[in-house]
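Here is how the chains run, residue by residue.
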Amino acid sequence: MAEKKTLRQEFTKGLIAENPVLRLVLGTCPTLATSTSMVNAIGMGISVTIVLLCSNIVISLLRKVIPSKVRIPAYIVVIASFVTIVQLLIKAFIPALDEALGVFLPLIVVNCILLGRAEAFAGKNSVIASAADGLGMGIGFTAAVFCMATIREFFGNGTLFTGADSLLGLFGITSFTGIEIFSRLPESLNIEPILIFILAPGGFFTFGLLMAVANRLAEKKGKKKADLRGCESCPMAAACALKGGCETEIKEEVAAQ
Amino acid sequence: MIKYYIAIVLTAILTENFVLAKFLGICPFLGVSKKLNTAVGMSMAVIFVMAMATAVTYPINKFLLIPNDLAYLQTIVFILVIAALVQLVEIALKRFIPSLYSALGIYLPLITTNCAVLGVVLLNVEKAAADASFGFAASMFNSVGAGLGFLLAMVMFSGVRSKLESADIPKFMQGLPITLVAASLVSVSFLGFGGVVENIFG
Amino acid sequence: MKNLKQIMVPAIALFCICLVAALLLGLTNSVTTEKIALIAVETENKARASVFPDANGFSENKSVTLDGAEYSYNEAFDADGNVIGYTFSTKSKGYGGDVAIMTGVNADGTINAIEVLDVSNETPGLGSNAKKDSFKDQFSGMSGIIGVSTASKKAANSIDALTGATYTSNGVTNAVNLALSLYGEIAKGGAVNG
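Chains as they are written, first to last, in this note's numbering: chain A, 102 to 358; chain B, 2 to 203; chain C, 7 to 200.
It is worth saying that the hints were derived from the structure and are not from the lab. One or more of the hints may lead you astray.
Pairs of lysine-lysine, DSS-like flavour, derived with a Cα cap of 25 Å [what the hints assert, rightly or not]:
id, chain 1, residue 1, chain 2, residue 2
1, B, Lys4, C, Lys97
2, A, Lys322, B, Lys172
3, C, Lys142, C, Lys97
4, C, Lys97, B, Lys63
5, B, Lys172, A, Lys321
6, C, Lys52, A, Lys192
7, C, Lys11, A, Lys165
8, C, Lys11, A, Lys170
9, C, Lys11, B, Lys128
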């Protein structure tokens, strides 16, 4: 914390400058796995944002009560509770989304963004700042996954917003089920979707391209490239802090070889 | 019966590879795959923890949570159990098998909440709920298979990355972007395994 | 004393957090359990109705044994309460896991219609096409043991496989064939009367 940021800055930093996916390289697993369709991406994004907002607020509220020795298990309990609550609510009200996100819904628990923000921000800052941070980071995550999903769904399936009725059904709208694009093109063009974009390789590929674009933009602004920063980007960043910095240990290990 | 278990292991390694097909454990896959030694060390620790975690969570789920209608607590209970387990294993290794500790020790805290570990546990529970014949042994084989799949992906990818080091890469693709594109190509090769296991053991 | 405090304070704090978390979860669970159970029943009813649009109602779950395993099925009634067919919910191995299919079998042993319950483990864009009507409608009116025809291999009494998704097509067909064998078991048992 070099300088005090305004509330607005806390919120907006997560959107672009410190975008959790494209700049901090956190939460890569759910980014890749749930960006197969735009609707899944929005569903996952909203779920993560809600959990992040709630857990940031609660952890910030409890930051003076939680003894620092057990803060990691305490954070995990708080995060896991909110994840389970969100999971139960989605099961009850948007069952189609629960089916689509599958195991990645409970896996929000180990999403690096959540524990990372709890440890790096909410555990040290005021409630309102933490809420702004959580909301900004959540929306930044959603935006990045949504970007990826748009590319993957458009090229891979030839549609946009397919399956939108599962989300909109919540508001009583079931008529809009997505936009078919490729199948509407004249048949003489003979354009088929590039299926591999929604399969696993397409996920890695699209992520790589997005990353390249993000790096290029960052470079233009004279900022550092995003890269995996050893321990910091892996899920147990917080546990490393607990152990007194295993990043240095790994570096030493690598150097020793 | 042996055929059944071999099929489970091979499916977990090839067709349902955790990293390349299911997108679980991407962070260590990208972060610790630069050198073969660290890649193997990390994978060994993952296999070890996956097997331990399954051995502990399976009975908890079957005899504690499900009979008491507490299945909704799975996520929170499993993650705490895994976290505690890793700490215990670490202490035990340090005390009793220091040689193993020096080999795996530094990776252990990294994988406490690695999504692959919680993922394999949750997927086992899901499979067991859907198919009554998927019991303890099947869960264990599935976990070890998933870990071996992680090892395979890590070893292959560290080989690819060592080639990347000396390659002439356009500036805008350097670093993470080219790593991801390389991962994409490795993942394509695993698409080819679709149906192989069913054809052998079908 | 100080040592004890150092251990007790974190332990108590953690315990309290767990307690509150457990209470909150219990509360959410009690609110949502009913709704989740309701959704499961509704989805089944919907699937049953879609394989027998003409049926007026369905029986409670009944069970039939085949090769030592027990399966449940439902009878479909017309407006007068006569049994016009049976619905079976069966699973079989597809490409990435089990596919779940609801099959409606007429009283004469032909398929009325099938409905795809779960192909979420299949390849999106290929195997997931099993949900399309053009694939599902192929089964209507068939009976006996159904085969799968691919572009290179034609089989008798068969449906056409989905392009690029032979495993999913086989999975769906196997599930349907299982339903037909279950029907055969019921028919043998002389249960096919009102």
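Hint check results:
1. Lys4/B <-> Lys97/C: holds (21 Å)
2. Lys322/A <-> Lys172/B: Roughly 16 Å between the alpha carbons, so the hint for Lys322/A and Lys172/B holds.
3. Lys142/C <-> Lys97/C: holds (16 Å)
4. Lys97/C <-> Lys63/B: Given that 25 Å is the threshold and the Cα spacing comes to 23 Å, the pair holds.
5. Lys172/B <-> Lys321/A: holds (13 Å)
6. Lys52/C <-> Lys192/A: Holds - the C-alpha atoms of Lys192/A and Lys52/C are around 18 Å apart, at most 25 Å.
7. Lys11/C <-> Lys165/A: holds (17 Å)
8. Lys11/C <-> Lys170/A: holds (13 Å)
9. Lys11/C <-> Lys128/B: violated (45 Å)
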